[in-house]
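**Student:** Each protein sequence line maps, in turn, to chains A and B. Counting in the numbering used here, the final residue of the first sequence is number 494, and the numbers go up one at a time with none missing. Counting in the numbering used here, the final residue of the second sequence is number 494, and the numbers go up one at a time with none missing.
To be clear, the hints were calculated from the coordinates, so they are not data collected in a lab. Mixed in with the good hints there might be a few duds.
Partner residues are not named here, just some residues of chain A that face chain B (Cβ under 7 Å, in silico) [to be verified]: (1) Leu-99; (2) Gln-103; (3) Lys-113; (4) Leu-298.
A virtual CB, placed ideally from N, CA and C, is assigned to each residue, including glycine.
There are 2 protein chains.
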Amino acid sequence: MQQMLSRKASFNFHGEDSPYFLGWKEYEKNSYHEVHNPSGIIQMGLAENQLSIDLLESWLAKNASVTHFKEDRGGSSLPLSSSLFRELALFQDYHGLPAFKKELAELMEEIRGSKVRFDPNKLVLTAGATAANETLMFCLAEPGEAFLIPTPYYPGFDRDVKWRTEVELVSIHCSSLNHFRLTKHALEEAYQRAQKQKLKVKGVLITNPSNPLGTTMSKDELNHLLDFVISKKIHIVSDEIYSGTVFDSPSFISITQALLNHKKVHAGNDISKRIHIVYSLSKDLGLPGFRVGMIYSENEAIISAATKMSSFGLVSSQTQFLLSNILSEKNFRKLYMKENQKRLKKRHEMMVSGLENAGISCLKSNAGLFCWVDMRHLLRSNTFEAEMELWEKIIFEVKLNISPGSSCHCTEPGWFRICFANMSTETLNVALQRIKTFAVGICEDRINYQQALCSSKKSSFNKWLLHPLSLWRNHQDHESKYR
Amino acid sequence: MQQMLSRKASFNFHGEDSPYFLGWKEYEKNSYHEVHNPSGIIQMGLAENQLSIDLLESWLAKNASVTHFKEDRGGSSLPLSSSLFRELALFQDYHGLPAFKKELAELMEEIRGSKVRFDPNKLVLTAGATAANETLMFCLAEPGEAFLIPTPYYPGFDRDVKWRTEVELVSIHCSSLNHFRLTKHALEEAYQRAQKQKLKVKGVLITNPSNPLGTTMSKDELNHLLDFVISKKIHIVSDEIYSGTVFDSPSFISITQALLNHKKVHAGNDISKRIHIVYSLSKDLGLPGFRVGMIYSENEAIISAATKMSSFGLVSSQTQFLLSNILSEKNFRKLYMKENQKRLKKRHEMMVSGLENAGISCLKSNAGLFCWVDMRHLLRSNTFEAEMELWEKIIFEVKLNISPGSSCHCTEPGWFRICFANMSTETLNVALQRIKTFAVGICEDRINYQQALCSSKKSSFNKWLLHPLSLWRNHQDHESKYR
């Protein structure tokens, strides 16, 4: 039977055996609930933004007519227009609702400090950023051709951009030594490595702000990247789905903005036609359930092909209409973005200081719904086996689902992505308390062990490295500590 | 520049140069409107169901709370639940809303006369049938492998199932001699032809009820098909998106129902795992704008892979919730389906008798939103060039956008698909009047010409065939006849 299916359906190219997805499954089996399951697993592996949904709810409470297929014209709510429902029910134009695209283009401009212009006609709607990224790969590369991608990167990319397109991803190795910044050297090294593997490189895929780092790319990094793609004559896909979450300085610089300043130097080349932006309302507006993603490109052939491909994942007209109405209230839109960033900043501070209390530090970050957390000191050894061991302890004993760096293709063991915006303050407090008890426990055990070693005069570095594994077993007996 | 894009984006594999899509473009440039553009083109190339939208509108008027993110529990409408919007905003589970899938499975059962059972867990939601068909191809075949498909078929399949998957479609030639029925011989001939082309055949793709024929497949046809796929050990994809539109006898037999009766003969084989159904709410409920499609399969590997692939086109949670509420009212659901079929039947009769008045006959049909119309007697010659000539006359002079058989890969020139459910009765009357004037005009011209030939004693068959072309030019001078 199996041989009658495609390889895509038969084998696990989807990547769901990654701890990123396995952690979700464990969470689903035993989800934390304040009252009903206080010893359950807390989901910190999901980059979801729940912090400002109340703002949208308030808007909806004030604008009930919009959800009920009534149009709000000139400020006054008109009675139910029988033609509006009909219009939406039948609307399947893959160019999308013009009013919606206009608001989306404006929103994208505002997020970029109104320093760049977006033309609604160059915007292609897709059912989420997942589809946007895949569509771009279908448009830009043949099966077997490659995109370079800085590590660590979003684990879902192995599914989104590789699975059905059969495009290859080649890692650009970034290092903790320079805070995982993109360098000329790393770009060139990745390119050469791809060439040795006989892979034709068609572009670089970046996420800016970065998932999982939570950092925005600097002007220098973007300039290096532009120099690189200009010299190699390849594309940039810039996934900017977290662009509205930048809650602290430095401010966000989109690739389009970097290009505006860069172009003066590189006038005459066609680089602007090789830059494609992915955006979505799932993170900035916290609306993943509504499935709104988009591609922005200055390349007419890409816009044309991507528009046709959007037939495979159009956005529900009902949803386009509702969101178009919400976004058309400019004051609300600005208030939402500002308040959301304020709340994210506060939440981020809570997370960082809570981890500090547990003796754990994070990469300095200014965006996103997560921290990139350094737990190298908690590893038994500087290996990915030790990272997986720690991850298993954290999910099964500490009862937190976090994402190990290896699932993000990080090249250094001991880093984890921990999400902070998909839960209440109370739940985050429980999680931070669990981490603290756990981390302090390890350190105390280590100190006790070292003291015991010193007193018995048999101190040995190797044993010190290996011993904590046995100490873990004690933790299992005291699991209630983490509840 | 162009070489930096993929072949999919660079070349026209999308098939938009087909008259099917070209006709739409012409329509968009000069759309008919009763008052504002009475001489514009009437869209009869769009299989859209507008006949029963008023029923949905009435339901919505009575159930306003549902659209406003209020839950209707136990019959009584509760006040706005702040958690419902939050729940929907965040809901992105690719398994879909369980309540929605339950209603969809029941609807599918009802449409099949409750003779087969559908398990909601074997249903995968997709953003429309377009995505459902493509997803199945990704799951069942490698690039370069083939599916057989009876002609004439839906022009969009060249995009939906071939473009990104690179799967090949091989025509099963059906003939007007037996009313385009599927025969053992035609199946086997197509299979052998594919083999000669070194194509590995992975399955047969059928649409039942057929688009463009408007006919349901008979028990015999389905049995031939089952025998064939069992012997070849290949799949069936049965696109049944028009199953709720069957307005006349014989009643609809789904492939699953045919299999139930067939299995007794073929016990022990795994054919049930190789049958996959595509369904959608775009046609039966007239809701293409809401983008709800689905795959039903008994094959766990397919369900699993298709569910993961549905990430590229999930249905908006807002829309799932609304439709789940509408469909959960069983009385309304049944009333809608019955009334919709009644209206389709009436509309179909109007179309058939209107064409008869113009001396044009249709294939006898009992389903769908269109007629398969025989205009062979209006061709200048029995060629596809003559068919295109006639199509151009009809779109540019008669001002009707209809789909020529060649765009549906029909092997015999002179057949056209004409849609009848995407307009008002008044507009259909205008269209029928235009056709009558046009067709009668041709016949009169021919009679006059023949009489002239007879009287001048220079009758010649060849000239008779060729002459009408010049007569067309006269029609251009009398274009107002068709307004």
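**Student:** Hint validation: Leu-298 of chain A versus chain B, beta carbon distance must be below 7 Å. Holds or violated?
**Tutor:** Holds, because the Cβ-Cβ distance from Leu-298 of chain A to chain B comes to roughly 5 Å (cut-off 7 Å).
**Student:** Restraint: Lys-113 of chain A near chain B, CB-CB cut 7 Å. Satisfied or not?
**Tutor:** violated (19 Å)
**Student:** Mind checking the CB of Gln-103 of chain A against every CB in chain B and telling me if the closest is under 7 Å?
**Tutor:** holds (4 Å)
**Student:** At a threshold of 7 Å, is the proposed contact between Leu-99 of chain A and chain B supported by beta-carbon distances?
**Tutor:** With Cβ-Cβ at 5 Å, under 7 Å, it holds.
Checked against the numbered hints above, the structure violates only hint 3.
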